[in-house]
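Just so you know, the sequence shown maps onto residues -30 to -1, 1 to 261 in mature numbering (1 follows the signal peptide of the UniProt record, and there is no 0).
Hints in this document: simulated from the structure, not taken from any laboratory. All C-beta atoms, glycine included, are put in the ideal place defined by N, C-alpha and C. Certain hints may be false.
[To be verified] Simulated restraints on C-beta separations:
| # | residue 1 | residue 2 | range |
| --- | --- | --- | --- |
| 1 | Gln246 | Asp91 | 47 to 53 Å |
| 2 | Lys195 | Gln55 | 52 to 58 Å |
| 3 | Ser119 | Gly224 | 25 to 31 Å |
| 4 | Arg89 | Pro206 | 24 to 30 Å |
| 5 | Thr135 | Pro236 | 24 to 30 Å |
| 6 | Lys54 | Asp91 | 32 to 38 Å |
| 7 | Arg143 | Ala171 | 25 to 31 Å |
| 8 | Arg115 | Thr135 | 27 to 33 Å |
| 9 | Phe43 | Gly250 | 42 to 48 Å |
| 10 | Lys77 | Glu218 | 24 to 30 Å |
| 11 | Glu191 | Arg115 | 31 to 37 Å |
| 12 | Gly250 | Glu191 | 20 to 26 Å |
| 13 | Arg139 | Ser46 | 42 to 48 Å |
| 14 | Ser214 | Gln55 | 38 to 44 Å |
[Said to hold, decoys possible] List of simulated lysine-lysine pairs, BS3-like, C-alpha gap at most 25 Å:
| # | residue 1 | residue 2 |
| --- | --- | --- |
| 15 | Lys257 | Lys200 |
| 16 | Lys54 | Lys77 |
| 17 | Lys221 | Lys195 |
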Amino acid sequence: MRFSLPSAAVFALCFGVLSSGVLSVSQASAESTDVTRIVAAENVWGDIAAQIGGPRVVVDSILSSPDLDPRRFEPSPAMVLKVKQADLIILNGAGFDSWMDRMAHSKSTIRIASIAGWRDDENPHFWFDPVVVDRVARDIAHQLRLDDSSGGLASFESDLARLQTRIVRLRQRIRETPIAVTDPLPGGLTEELGLVTENSAFLLAVMNGVEPEPAIVAQFENDLKNGQIKLLIYNPQTATSSVSHLLEVAKEAGVPCMPLTETLPPGLHWQDWMAQILDGIESHLLKPDLH
């Protein structure tokens, strides 16, 4: 099992929320015949596509709200029409957005899971893995017939290189620090940082969609109370009664708790978001009393 139990360049396009965070669209003219119409299942991939394509693309992102669960989402007729009108579809795959996969079968499609070489028991949150994101950016450029020197790709790759340099430097300072996560979503990033995820049994239950057994939760609690865990990263989008209880235990034990959603926050580009996540991890794990 591979799953890791584990500033941004300014560009001309930005996203505006059109309907309660469900559909966002880049501000290029959707009426132009010279642009490629892209529909992305998740706003994180839509953001990257808009950066790569620049004025050559108009991008609609279906999911842009942290309040929505991509696995349980059902598209509206308007969204189905958007997909039918698109020239290119971008979806995560790996069972994360099966509703989009069903609509995209006859379209030119980028499936991130295929680019990542995903297998059934692996983490599907590919946007937390900078290596996969780099491959995706290049594949988008290829689909748009853009060369490596095109402004959008070159700018994005420059930002990504700076981000990866920061990850390498931070890894040297925090590697092998024990942490816990309530959802496997940041696995690609925490693995790159060399962090040790202590609650593997709990995460396995989450991956399988079942409530962790009492003994597993009890062990998690003990690790929090005994100072074994230095940081608890939790996903407020998938919080259960067990997670809420563990957050209370962590707070009482003085363990810092860091929220992390699956959805790109409004007003940020992917690289901004990753930088903010690194800021949070660094500030929590490099406190004087921890090292």
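Practice task
Hints the structure violates: just list their numbers, smallest first.
Solution key: Hints 1, 3, 9, 10 and 11 not satisfied by this model.
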